[in-house]
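Participant: Could you put the whole structure together from the sequences, leaning on the hints where they help?
Which chain is which? The protein sequence lines are V and H, in order. For the first sequence, this note's numbering gives the first residue as 1, with consecutive numbering after it. For the second sequence, this note's numbering gives the first residue as 1, with consecutive numbering after it.
I should point out that these hints are in silico values taken from the structure, not numbers from a laboratory. Given the structure is predicted, the values throughout are model-derived calculations rather than measurements. For each residue, glycine too, the CB sits at the ideal point set by N, CA and C. Incorrect hints may appear among the rest.
If the Cβ cut is set under 8 Å, some of the chain H residues that face chain V in the computed set are [what the hints assert, rightly or not]:
(1) 163
(2) 173
(3) 181
(4) 184
(5) 188
(6) 192
(7) 208
(8) 210
(9) 214
(10) 217
(11) 218
(12) 220
(13) 261
(14) 292
There are 2 protein chains.
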Amino acid sequence: MDERRERIGFAGLGTMGQAMAANLARGGFPLTVWNRSPGRSRRILELGAAEVPSPARLAAASDVVVICVRDTPDVEEILFGPEGVAAGARKELLVIDCSTISPAASRAFGQRLSERGVRFVDAPVSGGSEGAQQGTLSIMVGGDAGDVARARPILAAIGSTITHMGPVGAGQATKAVNQVILAGTYLGVAEGIVLAMKSGLDPATVVRALSGGAAQSWVLANRSERMIRNEYPIGFKLALHRKDLGIALDLAAQVGAALPIAGLAAQIENGLIAAGHGDDDNSALARAIRAWSGLEG
Amino acid sequence: MDERRERIGFAGLGTMGQAMAANLARGGFPLTVWNRSPGRSRRILELGAAEVPSPARLAAASDVVVICVRDTPDVEEILFGPEGVAAGARKELLVIDCSTISPAASRAFGQRLSERGVRFVDAPVSGGSEGAQQGTLSIMVGGDAGDVARARPILAAIGSTITHMGPVGAGQATKAVNQVILAGTYLGVAEGIVLAMKSGLDPATVVRALSGGAAQSWVLANRSERMIRNEYPIGFKLALHRKDLGIALDLAAQVGAALPIAGLAAQIENGLIAAGHGDDDNSALARAIRAWSGLEG
Numbered sequence: 001m002d003e004r005r006e007r008i009g010f011a012g013l014g015t016m017g018q019a020m021a022a023n024l025a026r027g028g029f030p031l032t033v034w035n036r037s038p039g040r041s042r043r044i045l046e047l048g049a050a051e052v053p054s055p056a057r058l059a060a061a062s063d064v065v066v067i068c069v070r071d072t073p074d075v076e077e078i079l080f081g082p083e084g085v086a087a088g089a090r091k092e093l094l095v096i097d098c099s100t101i102s103p104a105a106s107r108a109f110g111q112r113l114s115e116r117g118v119r120f121v122d123a124p125v126s127g128g129s130e131g132a133q134q135g136t137l138s139i140m141v142g143g144d145a146g147d148v149a150r151a152r153p154i155l156a157a158i159g160s161t162i163t164h165m166g167p168v169g170a171g172q173a174t175k176a177v178n179q180v181i182l183a184g185t186y187l188g189v190a191e192g193i194v195l196a197m198k199s200g201l202d203p204a205t206v207v208r209a210l211s212g213g214a215a216q217s218w219v220l221a222n223r224s225e226r227m228i229r230n231e232y233p234i235g236f237k238l239a240l241h242r243k244d245l246g247i248a249l250d251l252a253a254q255v256g257a258a259l260p261i262a263g264l265a266a267q268i269e270n271g272l273i274a275a276g277h278g279d280d281d282n283s284a285l286a287r288a289i290r291a292w293s294g295l296e297g
Numbered sequence: 001m002d003e004r005r006e007r008i009g010f011a012g013l014g015t016m017g018q019a020m021a022a023n024l025a026r027g028g029f030p031l032t033v034w035n036r037s038p039g040r041s042r043r044i045l046e047l048g049a050a051e052v053p054s055p056a057r058l059a060a061a062s063d064v065v066v067i068c069v070r071d072t073p074d075v076e077e078i079l080f081g082p083e084g085v086a087a088g089a090r091k092e093l094l095v096i097d098c099s100t101i102s103p104a105a106s107r108a109f110g111q112r113l114s115e116r117g118v119r120f121v122d123a124p125v126s127g128g129s130e131g132a133q134q135g136t137l138s139i140m141v142g143g144d145a146g147d148v149a150r151a152r153p154i155l156a157a158i159g160s161t162i163t164h165m166g167p168v169g170a171g172q173a174t175k176a177v178n179q180v181i182l183a184g185t186y187l188g189v190a191e192g193i194v195l196a197m198k199s200g201l202d203p204a205t206v207v208r209a210l211s212g213g214a215a216q217s218w219v220l221a222n223r224s225e226r227m228i229r230n231e232y233p234i235g236f237k238l239a240l241h242r243k244d245l246g247i248a249l250d251l252a253a254q255v256g257a258a259l260p261i262a263g264l265a266a267q268i269e270n271g272l273i274a275a276g277h278g279d280d281d282n283s284a285l286a287r288a289i290r291a292w293s294g295l296e297g
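Facilitator: In C-alpha cells, the structure reads:
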C-alpha cells in the first residue's frame, strides 16, 4: 500500500489541530475528523473530510489516528475512554499524539496500546499557530524506528523539521526542554527591555543594536516589540506555556534536575493567569517585570 | 583635515585592546599606544605604532584617544590620574571609551572633560575576542551627534555594527541591557541542556531539533556544546560578565528596574568565581545548574 494512502483520523480541532488537519487534507490524505465540542469541523469538511461522533469510530475508519488536544487527561480520555480509540482500533493502527503532555504518561499510554497491538508515537510540535497554518512546525518524535518511519510522511505534511529523539516519551521530553529554554529567554529579554525603557533608551533601537550579537534570539527578534508596546496578541498562549512548564518541572523532579529559572517563570505565570492574562501570548511574561518596575504591566 | 588622518592614541592593550589597536594600525591610522603594565606592545609596534610612558603623553601625541580597559576606576585613573589624559590634552581632543563601565560614571567623566574643552563618547563593544580580532564588533555609542560622527570612521575600523544610542552614557546603558539579556538566555539554555541530559536525551540532537524554532538563540547555537561537554574555553570571561552585571544592577537600582534573573545570575556567578571558574567562558553559568542536578559542575 502506498504510504500516502494511509487513511488518517484526526482528533482535536482547536486552533493548532484545525490548521494541521487542513494541511493533511490538502496533502491528499483521506481524512476523518472528530472533535469533543461540535461546530469546529466546517472548514475541514469543505476540504473533503468526513466527521464521526466518537474516537472509537475515528479509529475504526482509519489506519493512523493523529491527536492534538490540550493536556494529558484529554489524551487519556480519547485513547481509553468508553468510546475511545482503543475500543475501535484494529491491530497495527498507529496513533500519533501531537499534543504536549507528560513524557511518563506517554510511555504508559504507549505500553497500554501495545498490549492491544496498537502502535504509538509521541510527536509534540512547536512553531505556534503560524507554523501550524504554514505547515512549518518543528516536530519532536519519540517511538520505535519503524513506527516513526511510518509516521514521517504524515508529519511531513504538517511540519518542516521532523527529528526522531528516541523511544516513546523522548519527543515530549524534548518539547519540555524547549519550554524551559523559552522561560529563560523570555525573562532575559523582558528584563533587558524594561531596563532599556527605564534608562531612557529607545528600546527598538536597543533591539536593533543588539540583534547581531550574543544576545540575539528568536524571542528578541520576534517578541520584544510586544513587550515594548505591552500588547501580546497570540502567538502561543501563556496559560499553555504554564501547563507545559508543569510537565517540565514534573519531569525535572523525576529525573533529578534543578531548574530555578523555569520554576520562577511558572510562579510568575501563575500570577499573570490569576490577573487575567492567561490568553495573552507567552511574551506577556514581560508584564511582571514591567509592573515590578513601575511601568504599566 | 582628512578624517582618516586623525592621530590615534590607544590606552589598554589587553586581549580586546590589542586586537582593536592592531585593526586601527592596519586601517591606516597613525597610532601611539600606552599600557599600564609593560610588555604588551610588541605586536602593535611591529605594525608601525609608537609607544609612550603615560596617558598624558598619549593625549599630547594624539587627536583622538581610544580607551579599552577593565572597569570604571581604571578609566578614571587614565583620564584624571596624575599623568592622565586630561593633563596632556589639547582642546578638541576626542576621547572614545570602549571599556564597559558605569553609565553614570561615563556622564560624570564626559562632564569633567568638557570643562577642559575635551570631547567624550562612550562606545562599549560586544562580540568577544573573536569579534575584536576580525573587526566585527558591535559598538553601542553614546555622545553628541558631532562627536559620534567624528568617532565613526575610527570605530568602523574595529567594528561592523555601530549604533548611536543617545547622549553620553547611553552606549553603556545599552551594553548593560545586552548583559542582562545574556544572563537569562544563558540560564535558560543551561537548564534546558541539563534537563535533556538528565532525561536521557542526546543533548546535541535536542539542540539540532530546537534550533529552527522559538528557542533559537546565539547562545543555543554557539555555547550549548560547551555546556554539554562541561568545558568553557574563552569566549568572554565569566568574571567580566559578573562585573558587567554589577554595572547593570547598579543602573537598575538608579532607574528603578526590577531584574530578578540578572540578580540571581550575579549571585550564581559569585559562587562560580569563588570556586575558581572566573576565567571560564560566561557559558560556565551552566556549571551551577549541572552541579545542582548531580552532574559534574
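Participant: Each hint needs a verdict: does it hold in this structure or not?
Facilitator: Verification of the hints:
1. 163: Holds - the Cβ of residue 163 of chain H comes within 8 Å of chain V, reaching about 4 Å at its closest.
2. 173: holds (4 Å)
3. 181: holds (4 Å)
4. 184: At about 2 Å, which falls below the 8 Å cut-off, the nearest Cβ of chain V leaves the hint on residue 184 of chain H intact, so it holds.
5. 188: holds (2 Å)
6. 192: Check passed: Cβ of residue 192 of chain H comes within 4 Å of chain V, closer than 8 Å.
7. 208: holds (7 Å)
8. 210: Given a least distance of 5 Å, the restraint on residue 210 of chain H holds.
9. 214: The hint holds - residue 214 of chain H has a Cβ within 8 Å of chain V, the shortest such distance being about 5 Å.
10. 217: Interface hint status for residue 217 of chain H: holds (4 Å vs cutoff 8 Å).
11. 218: Hint on residue 218 of chain H: holds, closest Cβ of chain V at ~4 Å, below 8 Å.
12. 220: Interface hint status for residue 220 of chain H: holds (7 Å vs cutoff 8 Å).
13. 261: holds (5 Å)
14. 292: holds (4 Å)
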